[in-house]
Structure formats: structure tokens, C-alpha cells
Amino acid sequence: MLIVNGLYKTFNAGTVNQKEALKNLSLHIEKGDFVTVIGGNGAGKSTFLNCIAGVYPPDQGCIIIDGINVTKLPEHKRAAVMGRVFQDPMMGTASDMGIEENLALAYRRGQRRGLKWGITSRERELYKSLLKTLDLGLEDRLSTKVGLLSGGQRQALTLLMAVLKKPKLLLLDEHTAALDPRTAEKVLGLTDHLVKEYNLTTLMVTHNMRDAIKHGNRLIMMHDGRIILDIRGEEKRKLTVEALINRFGRASGEDFAFDRALLS
Amino acid sequence: MVHILSGAVSLGLLWAVMTIGVYITYRILNIADLTVEGSITMGASIAAITMINGINPYVSLFLAMLGGMAAGLATGLLITRFKIPPLLSGILTMIALYSINLRIMGTSNLSLLKKKDFSEMNTVYTPFETLGLDRNWAAIVVGLLVVAALIAILYWFFGTEIGCAIRATGNNPNMVRAQGINTDTTVILGLILSNGLVAISGGLIAQSQRFADIQMGTGSIVIGLASVIIGEVLFGKNGFLKRLISLALGAVTYRVIIALVLKMGMPANDLKLFTAITVAAALALPVFKEYLLTLKKSVRAGE
Ligand SMILES: Nc1ncnc2c1ncn2[C@@H]1O[C@H](COP(=O)(O)OP(=O)(O)O)[C@@H](O)[C@H]1O
Ligand SMILES: [Mg+2]
Chain G
1 MLIVNGLYKT
11 FNAGTVNQKE
21 ALKNLSLHIE
31 KGDFVTVIGG
41 NGAGKSTFLN
51 CIAGVYPPDQ
61 GCIIIDGINV
71 TKLPEHKRAA
81 VMGRVFQDPM
91 MGTASDMGIE
101 ENLALAYRRG
111 QRRGLKWGIT
121 SRERELYKSL
131 LKTLDLGLED
141 RLSTKVGLLS
151 GGQRQALTLL
161 MAVLKKPKLL
171 LLDEHTAALD
181 PRTAEKVLGL
191 TDHLVKEYNL
201 TTLMVTHNMR
211 DAIKHGNRLI
221 MMHDGRIILD
231 IRGEEKRKLT
241 VEALINRFGR
251 ASGEDFAFDR
261 ALLS
Chain C
1001 MVHILSGAVS
1011 LGLLWAVMTI
1021 GVYITYRILN
1031 IADLTVEGSI
1041 TMGASIAAIT
1051 MINGINPYVS
1061 LFLAMLGGMA
1071 AGLATGLLIT
1081 RFKIPPLLSG
1091 ILTMIALYSI
1101 NLRIMGTSNL
1111 SLLKKKDFSE
1121 MNTVYTPFET
1131 LGLDRNWAAI
1141 VVGLLVVAAL
1151 IAILYWFFGT
1161 EIGCAIRATG
1171 NNPNMVRAQG
1181 INTDTTVILG
1191 LILSNGLVAI
1201 SGGLIAQSQR
1211 FADIQMGTGS
1221 IVIGLASVII
1231 GEVLFGKNGF
1241 LKRLISLALG
1251 AVTYRVIIAL
1261 VLKMGMPAND
1271 LKLFTAITVA
1281 AALALPVFKE
1291 YLLTLKKSVR
1301 AGE
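Keeping their order, the protein sequence lines are chains G and C. Residue 264 is where the first sequence ends in the numbering used here, and the numbering goes up by one at each step. Residue 1303 is where the second sequence ends in the numbering used here, and the numbering goes up by one at each step.
Worth flagging that the hints you see were computed from the coordinates, not collected in a lab. Only a predicted model underlies this, so the values are computations on that prediction, with no experimental measurement involved. Built from N, CA and C at the ideal position, the CB exists for glycine as well. Mixed in with the good hints there might be a few duds.
Calculated cross-link-like contacts (lysine to aspartate or glutamate; reagent style DMTMM-like; alpha-carbon spacing at most 20 angstroms) [what the hints assert, rightly or not]:
#1 G/Lys166 with G/Asp192
#2 G/Lys196 with G/Asp59
#3 G/Lys166 with G/Glu197
#4 C/Lys1237 with G/Asp96
#5 C/Lys1242 with G/Asp140
#6 G/Lys145 with C/Glu1161
#7 G/Lys72 with C/Asp1184
#8 G/Lys128 with G/Asp140
#9 C/Lys1289 with C/Glu1232
#10 G/Lys196 with G/Glu30
#11 G/Lys166 with G/Asp140
#12 G/Lys116 with C/Glu1290
#13 G/Lys31 with G/Asp192
#14 G/Lys77 with C/Glu1232
#15 G/Lys145 with C/Glu1232
#16 G/Lys77 with C/Glu1161
#17 G/Lys23 with G/Asp66
#18 G/Lys168 with G/Asp33
#19 G/Lys214 with G/Asp180
#20 G/Lys168 with G/Asp140
#21 G/Lys145 with G/Asp96
Residues of chain G placed beyond 12 angstroms of chain C at every Cβ, according to the derived structure [as the list claims (entries may be wrong)]:
#22 Leu27
#23 Gln111
#24 Leu229
Using C-beta positions, here's what the derived DEER-type ranges look like [unchecked claim]:
#25 C/Leu1292 with G/Glu185: 23 to 31 angstroms
#26 G/Asp135 with C/Phe1288: 39 to 47 angstroms
#27 C/Pro1085 with G/Gly147: 24 to 32 angstroms
#28 G/Val55 with C/Val1059: 41 to 49 angstroms
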């Protein structure tokens, strides 16, 4: 489903701020895989996801989604096959527009937009029933401006918008990091539910080891622009935090002075 | 006095068309677009030169609109393709339009009293003037018709798929791209639409005052912003239809205020200073409120 080969990305090349964010990164993901991505601050996780989404082009390497080479496609063209949720709850929605208007924008992803109504009454019924499944009371507030919602509500809505068109790939970049623990738990549960229901191929970046172990069927760890661990199958199911820390130490060749945040 | 007021209202309605254009860039796209200073003059220039050459006044307005749209396209390309900051892009087009407008007119001002062949010149206001309305009232009728039609069209347009995409672009371009929309296209479309309207306004103004002048656009962005802000302050921000109507009311209110301060004896040369201060004060209002709030708090804490 997703093939990434030999990806390189350097920011501010040739200046004192030069930063090699991705160094020869390759990854193959099967259809239906739910891959959790973990790694310390600055490991290159967001850069990796942004390259897949086309926010910026990689310096080298190629990205193939479902047999189509998208490496040179601009962001808005790739969006047709991708759903994304970001760390910042502000990022994923238009705050001055209503809940239903945001959903309607997402509902037309990958279609030509013309002079037809931006939202129809039939869609409203669909949105109502979908919002009901979130169990946040949003189904009665279709025209409420998204700017008035809480961070958790916005992330849940963004998640719904991301999966609305059954994307080939779902990219989640620490989408619960800005939420309080209880809300984060809820949004993660919703994520699991939606991924299963739509049978989505998913890449989920998280800063939390426990979450990375608990969710998905495969775990990769990034460090310094590379993938240093790739754990799947039976091994992934049996994985513990201690085992993961041990393996990180061996794989990175570094003393374990790991981000405490990863353990929280 | 009645004559002064009807003059102010008619001018306000003609400028309302321009105000709606400014609203599209400033509030919807979140861009302060200075192109308008050139495109309003461009509208006037095109309307004037075509009418002098015997073209029907309605057709001349249409041609004016096309000119303004081209100006908007130019700025849009500078912003999106060449990544020049919006403010600077607008300034560049505005400066270029100064020369272009001089070329269009061939001189720095044109009178619209007689055609080239010395026959009487008709304007879009003539049919209403022949009904017995004076110049101001004819302009008010035409202005009302145009503004009402525009409000209806824009209300529809910004409810369509493309219109929604444009609105979202000013709000959160990242999200819009993630939803598969080319934000370059939506920005360009918004600028084309806005400057097309501004040029129509320029054409309407030229036909009404029966001349076009290379200087008429100077400061027009501030007048547009003043009208947008007055509309918001006086008539609220809720509901898109109400906002569109408030733009027209804001433009008229601005002209009435100006007419009144002139009547009270303010020299006409100070007009732009007065307008600039008004707009600056209105834009500074949130900061003032914040300041007063913290002041209140600290006074209370000091008690
Ligand atoms: N747009 C950018 N410009 C310059 N440097 C960047 C940019 N984005 C990321 N970086 C740098 O690249 C490295 C990897 O960043 P990122 O992918 O955001 O890490 P992570 O998401 O794993 O925390 C960091 O050192 C970061 O400072
Ligand atoms: Mg990150």
C-alpha cells in the first residue's frame, strides 16, 4: 500500500542551521496495517509524515501509494487518497466555519469542486448520524463554529473528517499530544474504532510508548532521521515497555538517556 | 442639506460595490490587497475611454470589470506563483496600473460629457434621469439595484463548493490543502472576484461624476477598510447575509459622516488624514480594550 524508498530530507542546507531530518529512510506498509511510530523529539517523525503528505518534497527518494508514484505530486493532489490529523487541534479545521461546513469540505476531498451547493440537506443527515457515533453531543450543533469547540472535540471532528472519504492512508501526527489524558484516551479509542470500521492503513505517530505498544499491529521507532526498530506480528503483541527500552539501547548504540516523556 | 445627504448616500452606494470587493480580500481571504487602488481607477479609465468611443455604458462596465479581474489575476500570480508577500504583490500591481491607466486614458483625466463625435453621452443613470430623477437619486436607484444584485449573487456564490473553499482558505490554508484543494487557485479566484467588483465600482463612479481621473484611486483601500469596519461595528458580524448588507450600510455611513464633517467646516484637504485616523483607531480598538481591561484589573488589585 505504501512504499517509501531511500528518503532524504535536509532543512536549511548549506547554512549553519543545516539539519538532516531524514537519512535514507525506507519503509513498506501492507494494506490494512496499523503502524505506530515512536521516537524522541526531533527524530524526524513529523518530517516523515509531511513528506508522505507532500507538505514539502523530499531531497531524494520516492513515495509510492497503492502503486502510484506520488513523489512529485503537490499536496492537494495527494490529499485525495489521504486523511490527516495534526498535533495542533487548530490545524485540522477551519475555525470560523461551522461543523457541517468543515465536514462538507472533507466530504468533497478528491472531487472537482464546482458551483453546486457547498453542502446539501442529504449530507446533513449523514453528518448527524456520524457525529452521533462520536458521542460528544455535536450532532445537535451542526452549524456551531468549530472555533467554539474544545481541543478534544476538534480532534475528534478532524479524525472524522480524515476518514470520511475512506482514505487509502491515514496519517496521525501526535494527534492526542495536546489533549488532557482522559480526552486523549477517548480520542485514541475513537481512532481504534474508526481504523477498524473502515479498515484503514494507518501511520500513527505518538510520543507515548504505552500507546505505541497498545495500538496497531506494527511498531517502528525512529532515531536521528532513521528507522532503528521495526517490530511486528507476535513480537509486537508481546512487547513491553522494558523490552522496548532495551532494544532501543542496543539499536541506537547510545546509552539510555531517553526522553522521560516517552515513558509517561 | 437634503441634497448633500442624497449625494452622500448615492456616493456611498457606488462605493459599496468597492467595499464588498475589499471585504472579500481583507476579511475572507485574510489579505490586505492594495491592488484595489489601481483597479478602481482602471475601472473608471476603461469605462471612460470606451464610452467616449461610443460603446454602450453597460458594456463599458463589463469591460471595466474584465480589466479589474486581470489586475486581480496579476496580483494573484505574484502571490502564489512567485511567492511575493501579498502586501508587496498588491503594491507592485498598483504601481504598474498607474502607468497602464494613463495609457488607457491617454491623459490624466477624461470628461464624460460628450462622445468623440460630439453627440450627447448616455450613462447607466440616463434612463432614470429621463424618468425625472435628479442625478443623485438616479445614482441611488442604480446603486441600490447593483448592490442588491451583488449581495444576492455573492450570498449564493460563497455557499457553493468553490465559494466554501475560498472562505476556508482565508481561515486555514493548511487544512484546505489537506482537503485536496489547491489554495493557489482559491487565492487567485478571490483576488479576481474582488478586483472585478472594485473596477465595476470605479466605472459606476466615473459614469456618475462624469469624469475619470488618474488620482481617484489614491487612498481608496483605506476608504474601503473604513467602510468594512464601520459596517461591522454598527451592524454586527453575525450571519453572512447580514454581513454583506452591513458592508453597504458601512459604505453609506462613511460617506454621510464625511459629508457631515465637511459641512461642519473641515477642510477637504484634511479628509484623508481624518479617514486614516478613523481606521487606525478602529483597528486599534481591540488593543485599547485589552489595555483598559488590564488597567482596571491593576487598579482593582492596587486598592
Ligand atoms: N520546516 C523546518 N525547517 C527547519 N528545520 C526543521 C523543519 N521541520 C523540522 N525541522 C528539524 O528537523 C528535525 C526533525 O524534526 P521533526 O520531524 O519535527 O521531529 P519529530 O516530529 O520527530 O519531533 C528537527 O531537528 C527539526 O528542528
Ligand atoms: Mg513532531
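Are lysine 214 of chain G and aspartate 180 of chain G close enough, with their CA atoms no more than 20 angstroms apart?
holds, 19 angstroms
Is the hinted pair lysine 145 of chain G and glutamate 1161 of chain C satisfied, with a Cα-Cα distance of at most 20 angstroms?
holds, 18 angstroms
Keeping to a limit of 20 angstroms between CA atoms, is the pair of lysine 128 of chain G and aspartate 140 of chain G held or broken?
Roughly 8 angstroms separates the two Cα atoms, so the pair holds.
Pairwise beta carbon distance, valine 55 of chain G to valine 1059 of chain C, judged against the given window 41 to 49 angstroms
Once the Cβ atoms are compared, 46 angstroms apart, the range 41 to 49 angstroms for valine 1059 of chain C and valine 55 of chain G holds.
Run the C-beta distances from leucine 27 of chain G to all of chain C and say if the shortest one exceeds 12 angstroms.
holds, 21 angstroms
Has the given pair, lysine 168 of chain G with aspartate 140 of chain G, been kept, meaning a C-alpha gap of at most 20 angstroms?
violated, 30 angstroms
Going straight from one Cα to the other, do lysine 166 of chain G and aspartate 192 of chain G come out at no more than 20 angstroms?
Status holds; Cα separation ~15 angstroms.
Is the hinted pair lysine 77 of chain G and glutamate 1161 of chain C satisfied, with a Cα-Cα distance of at most 20 angstroms?
holds, 17 angstroms
Holds or violated: the 24 to 32 angstroms window for the beta-carbon distance between proline 1085 of chain C and glycine 147 of chain G?
holds, 26 angstroms
Given the proposed pairing of lysine 196 of chain G with aspartate 59 of chain G, does the C-alpha separation stay at or below 20 angstroms?
Measuring from Cα to Cα gives roughly 34 angstroms; hence the hint is violated.
With a cut-off of 20 angstroms on the C-alpha distance, tell me whether lysine 1242 of chain C and aspartate 140 of chain G pass.
violated, 24 angstroms
Is it true that the CA of lysine 1237 of chain C sits at most 20 angstroms from the CA of aspartate 96 of chain G?
Holds: lysine 1237 of chain C and aspartate 96 of chain G sit about 12 angstroms apart, inside 20 angstroms.
Figure legend: structure checked against the earlier numbered hints; hints not met, in rising order: 2, 5, 11, 12, 14, 17, 20, 23 and 25.
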